[in-house]
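Peer 1: Protein sequence lines correspond, in order, to chains P and S.
Everything in the first sequence is counted per the working numbering, starting at 75 for the first residue and increasing by one.
Everything in the second sequence is counted per the working numbering, starting at 75 for the first residue and increasing by one.
Quick caveat, the hints were computed from the structure, so don't treat them as lab data.
It is possible that some hints are incorrect.
Which copy is meant is left open, because identical chains are indistinguishable; a pair holds if it fits in one copy or across any two.
[Stated by the list, open to error] Cut-off 25 angstroms, straight-line C-alpha distance, at most; resulting in silico cross-link-like pairs (PhoX-like, lysine-lysine): (1) 487 <-> 134; (2) 133 <-> 487; (3) 590 <-> 134; (4) 325 <-> 487.
There are 2 protein chains.
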Amino acid sequence: MLVTGEIFINGQWLAGQGTSFQAVNPATGETLEPLLTGASAEQVGVAVAAAAAAALELKKLPLTQRAGFLRACAAEIMALGDGLVERAMAETALPRARIEGERARTCGQLNLFADVVLAGDFLEVRIDTALPERQPLPRPDLRSFNLPLGPVVVFGASNFPLAFSVAGGDTAAAFAAGCPVLVKGHPSHPGTSELVARALAAAAQKTGLPAGTFSLLTDSGHEVGRALVAAPAVKTVAFTGSFAGGTALVKLAGERPEPIPVFAEMGSLNPVVLLPQRLQADAEQVADAFVASLTMRVGQFCTNPGLVLGLAGPDLDRFIAAASAALAGQSAGVMLNAGIQQAYAAGVVAAGRQPGVTTQAVGEAAEGTLGCCCQPTLMSVSGADFIANPQLSHELFGPASIVVSCRDLAELKEAIAVLLGQLTGTIQGAPGELAAYSGLCDILGQRVGRLLINGFPTGVEVCHAMVHGGPFPATSDARFTSVGSAAIKRFLRPICLQNYPEELLPEPLRNSNPLKLRRLVNGEWTSAAL
Amino acid sequence: MLVTGEIFINGQWLAGQGTSFQAVNPATGETLEPLLTGASAEQVGVAVAAAAAAALELKKLPLTQRAGFLRACAAEIMALGDGLVERAMAETALPRARIEGERARTCGQLNLFADVVLAGDFLEVRIDTALPERQPLPRPDLRSFNLPLGPVVVFGASNFPLAFSVAGGDTAAAFAAGCPVLVKGHPSHPGTSELVARALAAAAQKTGLPAGTFSLLTDSGHEVGRALVAAPAVKTVAFTGSFAGGTALVKLAGERPEPIPVFAEMGSLNPVVLLPQRLQADAEQVADAFVASLTMRVGQFCTNPGLVLGLAGPDLDRFIAAASAALAGQSAGVMLNAGIQQAYAAGVVAAGRQPGVTTQAVGEAAEGTLGCCCQPTLMSVSGADFIANPQLSHELFGPASIVVSCRDLAELKEAIAVLLGQLTGTIQGAPGELAAYSGLCDILGQRVGRLLINGFPTGVEVCHAMVHGGPFPATSDARFTSVGSAAIKRFLRPICLQNYPEELLPEPLRNSNPLKLRRLVNGEWTSAAL
Numbered sequence: 075m076l077v078t079g080e081i082f083i084n085g086q087w088l089a090g091q092g093t094s095f096q097a098v099n100p101a102t103g104e105t106l107e108p109l110l111t112g113a114s115a116e117q118v119g120v121a122v123a124a125a126a127a128a129a130l131e132l133k134k135l136p137l138t139q140r141a142g143f144l145r146a147c148a149a150e151i152m153a154l155g156d157g158l159v160e161r162a163m164a165e166t167a168l169p170r171a172r173i174e175g176e177r178a179r180t181c182g183q184l185n186l187f188a189d190v191v192l193a194g195d196f197l198e199v200r201i202d203t204a205l206p207e208r209q210p211l212p213r214p215d216l217r218s219f220n221l222p223l224g225p226v227v228v229f230g231a232s233n234f235p236l237a238f239s240v241a242g243g244d245t246a247a248a249f250a251a252g253c254p255v256l257v258k259g260h261p262s263h264p265g266t267s268e269l270v271a272r273a274l275a276a277a278a279q280k281t282g283l284p285a286g287t288f289s290l291l292t293d294s295g296h297e298v299g300r301a302l303v304a305a306p307a308v309k310t311v312a313f314t315g316s317f318a319g320g321t322a323l324v325k326l327a328g329e330r331p332e333p334i335p336v337f338a339e340m341g342s343l344n345p346v347v348l349l350p351q352r353l354q355a356d357a358e359q360v361a362d363a364f365v366a367s368l369t370m371r372v373g374q375f376c377t378n379p380g381l382v383l384g385l386a387g388p389d390l391d392r393f394i395a396a397a398s399a400a401l402a403g404q405s406a407g408v409m410l411n412a413g414i415q416q417a418y419a420a421g422v423v424a425a426g427r428q429p430g431v432t433t434q435a436v437g438e439a440a441e442g443t444l445g446c447c448c449q450p451t452l453m454s455v456s457g458a459d460f461i462a463n464p465q466l467s468h469e470l471f472g473p474a475s476i477v478v479s480c481r482d483l484a485e486l487k488e489a490i491a492v493l494l495g496q497l498t499g500t501i502q503g504a505p506g507e508l509a510a511y512s513g514l515c516d517i518l519g520q521r522v523g524r525l526l527i528n529g530f531p532t533g534v535e536v537c538h539a540m541v542h543g544g545p546f547p548a549t550s551d552a553r554f555t556s557v558g559s560a561a562i563k564r565f566l567r568p569i570c571l572q573n574y575p576e577e578l579l580p581e582p583l584r585n586s587n588p589l590k591l592r593r594l595v596n597g598e599w600t601s602a603a604l
Numbered sequence: 075m076l077v078t079g080e081i082f083i084n085g086q087w088l089a090g091q092g093t094s095f096q097a098v099n100p101a102t103g104e105t106l107e108p109l110l111t112g113a114s115a116e117q118v119g120v121a122v123a124a125a126a127a128a129a130l131e132l133k134k135l136p137l138t139q140r141a142g143f144l145r146a147c148a149a150e151i152m153a154l155g156d157g158l159v160e161r162a163m164a165e166t167a168l169p170r171a172r173i174e175g176e177r178a179r180t181c182g183q184l185n186l187f188a189d190v191v192l193a194g195d196f197l198e199v200r201i202d203t204a205l206p207e208r209q210p211l212p213r214p215d216l217r218s219f220n221l222p223l224g225p226v227v228v229f230g231a232s233n234f235p236l237a238f239s240v241a242g243g244d245t246a247a248a249f250a251a252g253c254p255v256l257v258k259g260h261p262s263h264p265g266t267s268e269l270v271a272r273a274l275a276a277a278a279q280k281t282g283l284p285a286g287t288f289s290l291l292t293d294s295g296h297e298v299g300r301a302l303v304a305a306p307a308v309k310t311v312a313f314t315g316s317f318a319g320g321t322a323l324v325k326l327a328g329e330r331p332e333p334i335p336v337f338a339e340m341g342s343l344n345p346v347v348l349l350p351q352r353l354q355a356d357a358e359q360v361a362d363a364f365v366a367s368l369t370m371r372v373g374q375f376c377t378n379p380g381l382v383l384g385l386a387g388p389d390l391d392r393f394i395a396a397a398s399a400a401l402a403g404q405s406a407g408v409m410l411n412a413g414i415q416q417a418y419a420a421g422v423v424a425a426g427r428q429p430g431v432t433t434q435a436v437g438e439a440a441e442g443t444l445g446c447c448c449q450p451t452l453m454s455v456s457g458a459d460f461i462a463n464p465q466l467s468h469e470l471f472g473p474a475s476i477v478v479s480c481r482d483l484a485e486l487k488e489a490i491a492v493l494l495g496q497l498t499g500t501i502q503g504a505p506g507e508l509a510a511y512s513g514l515c516d517i518l519g520q521r522v523g524r525l526l527i528n529g530f531p532t533g534v535e536v537c538h539a540m541v542h543g544g545p546f547p548a549t550s551d552a553r554f555t556s557v558g559s560a561a562i563k564r565f566l567r568p569i570c571l572q573n574y575p576e577e578l579l580p581e582p583l584r585n586s587n588p589l590k591l592r593r594l595v596n597g598e599w600t601s602a603a604l
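The whole structure should be built from the sequences, with the hints applied where relevant.
Peer 2: Next comes the structure, spelled out in structure tokens:
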């Protein structure tokens, strides 16, 4: 399938009437064909109106149809074949294995959410039956379940052109909730976005979903995104990206006449704490695994280990030496786009100039000058200098990390205590060592969405128990996750029906329980009919 | 027990170092003894620090202890005896039966949340066990559950001096979640607040909870509230009150360096739609029940029916005539405080001056001039004038309502479509009539947290299925409820533990499932051990 550069609104592929732009191959600097067309303000309005109309229809469709749509999305993405993989590789400089893996993950997410839809737990049905004889007042019949919030704007992320983009986790979760989705495509991979959108459009058509179920509007700036978030019919926003981008959207959404929730996943430092016995036993092995995690796919993960904390001494020195040696042998990588590469380069320079920061190792320089190349970087700083300098507590997106050498356990705890909210925190400890540091686990646990023992934070499993979230500024709302089946909760709200006649009740709430849901009936869980 | 006028912080009763004030009996205008002392900024800091320390301890206590504390709170409130009832009556002008009923509701809520704690479903345990042999990558062991968010600031509401105040639904839900609570007491009922706080303090002490579990800081202005919301250790805010108050808190919380969630329940118009056959059959009966709901406790409920919509014609005229007759016979009521009475009086005058608005009936005038008296008021307006005038879509707190006469079904739907978010919506329809108006139910359902058939919205049952929430501006976040067992969700966030050693796992996540929780294990619900 060829990329045409069109946008998709109200069930139609159209030339955008906004600003045109072209994709760039970050490895070569070459522009990619064709010319892509951004959406105009009027086209944004058409897309939003179609989504608002679709929202009313979508919530009434059988759950089987909703699940069928999700599965069809996955099938249609696979049916795009190698053309999708090649376009994504050209637009992102990510290697084939990564793109193919990401495609599998994307389809896996869509199929997982199809299962979530059919299981029906997300509806959270609660029924309290009438007590007409209760004194002093009778109790009415009360039945609650979750409704879709309405049209969702999804901002595609630069670093996952498939799994956090057009048909990524946010879109899959929103569809599963019964919400139409308006995707603001990321300008770093617009051709990839269009191809995936064509798969979703085909899936929607084949499974009989309304025209406004899905729209793709890409532009190279911020206008389309702003217009989408400001549109009154839009009811929530999902975003994965930078702190600046996420907080700007939260502000914009909060200033609407009707403020709406924004779930922004804004990345983090993902601190890794190295306990003494673990270091003593395995400093070199841990260092190698750390460098592999840090530099994987040029460090362009939200969960990249950007901070290492340990107790100063010969074993931490061994770790730094081994990590430096491993890192120095890493070749330069091509980043996703020029903006990310420039921010990384500037960030490394700025961090290196902070008081007390020493650059321990830098990866190999790039050959030639073309491409958005960057070198992995390892720095170190004392606990005191880290604690005193809030600038070192902000994410530097890319393959850079800072080792914090703390003078003693008290300083280590203090260094953890000054950390802002994080997606993840990791503790590397020897067997038997962890129990002695449970207080430290507590302090770290307060600040993270996911706490790992003896692993590395890269690799975010898509499953029921995953929490890809965490306190601000890792996300804008620690009460939700953006990965895993619980991500659907962001797009739902409860409604209670009081004294509703049985024949008018939606299926999930009927006495006969036709969907065989697990329901909380008068405080007891049951799948039985009433 | 006597009211001393002290504040309660860090487990101690102290004289506040802020501005002093006195309670006022709204029925007589007399000030009530003693002098009450507001908290100083420094005292707010002490209370918040104690709450932050308590947060770390509370989440580690056994759930049985947490439940025991909630039950002890209820028992200690009852042990306050008639002194509490009399003080509340003097401060609010609410009658004995209402205060006693509210006390029962308050204790019922505390006991309900004790049950919720022991049932443990709120922890939402999800376990995905390791798949070490999985290709291409092994799956780690992932286990998630909900943690308390941390210190919660609860703003007491004026209109429920017990059930939405110091030990009300917000406090009970926050305690159940494991969060310390800092109550900003409402200056309308400070003595009542102090007495209830003494009960909570005694309960905390008897059940061995940390000193910072609970604080009461009252003042007569906004300084203490602002300082509490701005304090970095505070992690969330619960509020019941006016639109102005709620939106101001949302703004304040959003401007913090670390923004925090605010759940503000800001009231609504609670539209009641009267379908034609229902009116034809029962116009007078519906009118009587409507006036009873409207004027109950001087109309000072968030769920007061402030708007009635129907199709113009003789049957709606019968309804208006009957409601007017019933309302004209209602005696003047004493409102909760002078501010509310003045806002009501001004609001009635302003609404009466809107284009096309006719005042249909006014209740009896007050005898004498003392007290915060108000007269119930019924107005009417055409559908066209209502649709054209957004000013009529804002809540007027008190016993006033507007009947909107729509020329046809299309106009009725349009009038519903211009409504902002509501806590409740009601449809009064004859048997067999409702099915024909299901489209109208849909439009109304989109705008409300609770949809009632053939009842009135006053009376908010505390149970599992209740949703006391709804789209903005009814609340600041439609995804949550502030009444019922699901209200606990506002104060929780998930955390995922990856590859955690069994012996270090918190009890809810252990293989042996010592708490016998229902857990989602590899996608299946089970109470079994792993």
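Peer 1: Which earlier hints turn out false for this structure, listed by number in ascending order?
Peer 2: Result: hint 4 breaks, nothing else.
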